[in-house]
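Undergrad: Each chain is listed here by its residues.
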Amino acid sequence: MQLTFDTVKLKTALFLVVLLAADLATAHHSSAMFDKSTVVEVTATVKEFQWTNPHVWIQVIVKNKAGEMEEWSIEGLGPNSLFRKGWRPNTFSPGDVIEIKFNPMRDGSSAGGFIGARFSDGSTIGDW
Amino acid sequence: MQKQVISMPRRINIARLKLVTITFCIGQIFAGQPAIATDETTLPDWSGVWERVEGNGGIFDPATVKPADGRAGSPGVRQFPPLTQAWEAKYQAILEVVAEGRVPDPISICGTPAGFPRLLALPDVYEFIVRPEQTWIITENGPNIMRIYTDGRDHPADDELWPTFTGDSVGSWHDKTLTFGTVSMLGEKGTILDRSGLVLSNQASITTRMFKTEEGLLRAELTIADPLALREPWNVVRHFRKTPGGTRAFDYACAENNRNPITSSGQTLTLDAEGNTIDVEIDQEH
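Chains as they are written, first to last, in the working numbering: chain A, 1 to 128; chain B, 129 to 414.
In short, the hints are calculated from the structure, not lab data.
Cβ coordinates follow ideal geometry from the N, Cα and C atoms, glycine included.
Be careful, since some hints might not be right.
What the hints assert, rightly or not - No more than 25 Å apart at the CA atoms, straight line, and that leaves these computed lysine-lysine pairs for BS3-like:
id	chain 1	residue 1	chain 2	residue 2
1	A	K65	A	K85
2	A	K85	B	K194
3	B	K304	B	K370
4	B	K194	A	K36
Claimed, not checked - To list a few chain A residues with every Cβ distance to chain B over 12 Å, as calculated:
id	residue
5	H28
6	K63
7	E68
8	M69
9	S93
10	D96
11	S123
To be verified - Okay, the calculated beta carbon distance ranges per label pair:
id	chain 1	residue 1	chain 2	residue 2	range
12	A	W128	B	R369	25 to 35 Å
13	B	T405	A	I61	13 to 23 Å
14	A	V97	B	K194	37 to 47 Å
15	B	L171	A	T43	50 to 60 Å
16	B	V181	A	T38	28 to 38 Å
17	A	I61	B	V225	33 to 43 Å
18	A	V97	B	D379	52 to 62 Å
Turn these sequences into a full structure, and let the hints guide you.
TA: Structure follows, in structure tokens:
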């Protein structure tokens, strides 16, 4: 399960790592599974937005190396703290085409820790 | 009904802790100040919704953490309470586990409270409900509820007291300061102080002073004693700031959609939307 490099830009952005570290501090579990030295940026289509405790999840569909569409799970903070940062239960809707940044899993599996997203109208949320 | 049997050293310790609390309260009475506020108009206004000021990554003691900006749970980050030699060794062993990415955090299983004193270092928001007879500390994260009795009662008798996550707290008001003693906490058997893995024993006792500063912060001064874990009392200070008016606290239901179960070896897994494990690398012990 690897994303293609024509749709994914791997970046190492220290300032983003620092910002993310501050966010992950409020997670209910360890964030050791995420590679916080790497930032993945990809264009994706939202399949589902789970506005739930203890973490919100953005289910996105992306194109893999073989050109096939596959589902990834992007984990955010809890809905309570995100609400106070301006998020809402309908921040992401199924069908939204977004650019999304996240820290990938260390083992390359299809999940990541949310950093930021940009919507088709140019608006952003999180650290973009 | 069977009578609870408490070992002699434990009984002696509980008796000693209660004696300390009683001595403190008597001292305050003789200082000429009312030990119990019976008029709610004399109590401070701690209404509203608050959030912690210090604690990068939930670090419990910002004054001794190294590196100074270290996050609890990050490799190489630790605090320096006055630990006994045995408990320093215990802490170092846990730090090695933390460095492997296996944080032994009980609350990650979504089943138990954070406990005291950790509940003063949690993310999300706080509410402090002040009444003459009792003060409640409610943490959104968890959630946790801490009850501090200020109606003049003492800690329960030995045979009515057992270690719990939050322990038993009794205290009194002096001017606008709440002082309370907490005993009978669960300690290392079910709680940690933060994700650096710092733990205390179930012999710990804590005296806490809480008051509002001139800057409008709520300040909590903790003096922690632990005959097993600490060589001398450990002083920790934490602050809370008020969030903007109108801020709400919400439900926090950790088990609602927990897609990060913890293996027996401490590995945090990730599940997909259907509940299947995503991780490619899983501990053999799982």
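Undergrad: Work down the list of hints and note, for each, if the structure agrees.
TA: Going through the hints against the structure:
no. : hint                           : result
1   : A:K65 with A:K85               : 35 Å, violated
2   : A:K85 with B:K194              : 29 Å, violated
3   : B:K304 with B:K370             : 17 Å, holds
4   : B:K194 with A:K36              : 20 Å, holds
5   : H28                            : 6 Å, violated
6   : K63                            : 18 Å, holds
7   : E68                            : 16 Å, holds
8   : M69                            : 15 Å, holds
9   : S93                            : 16 Å, holds
10  : D96                            : 16 Å, holds
11  : S123                           : 23 Å, holds
12  : A:W128 with B:R369: 25 to 35 Å : 27 Å, holds
13  : B:T405 with A:I61: 13 to 23 Å  : 20 Å, holds
14  : A:V97 with B:K194: 37 to 47 Å  : 45 Å, holds
15  : B:L171 with A:T43: 50 to 60 Å  : 56 Å, holds
16  : B:V181 with A:T38: 28 to 38 Å  : 31 Å, holds
17  : A:I61 with B:V225: 33 to 43 Å  : 37 Å, holds
18  : A:V97 with B:D379: 52 to 62 Å  : 32 Å, violated
Hint violations for this structure: numbers 1, 2, 5 and 18, all remaining hints satisfied.
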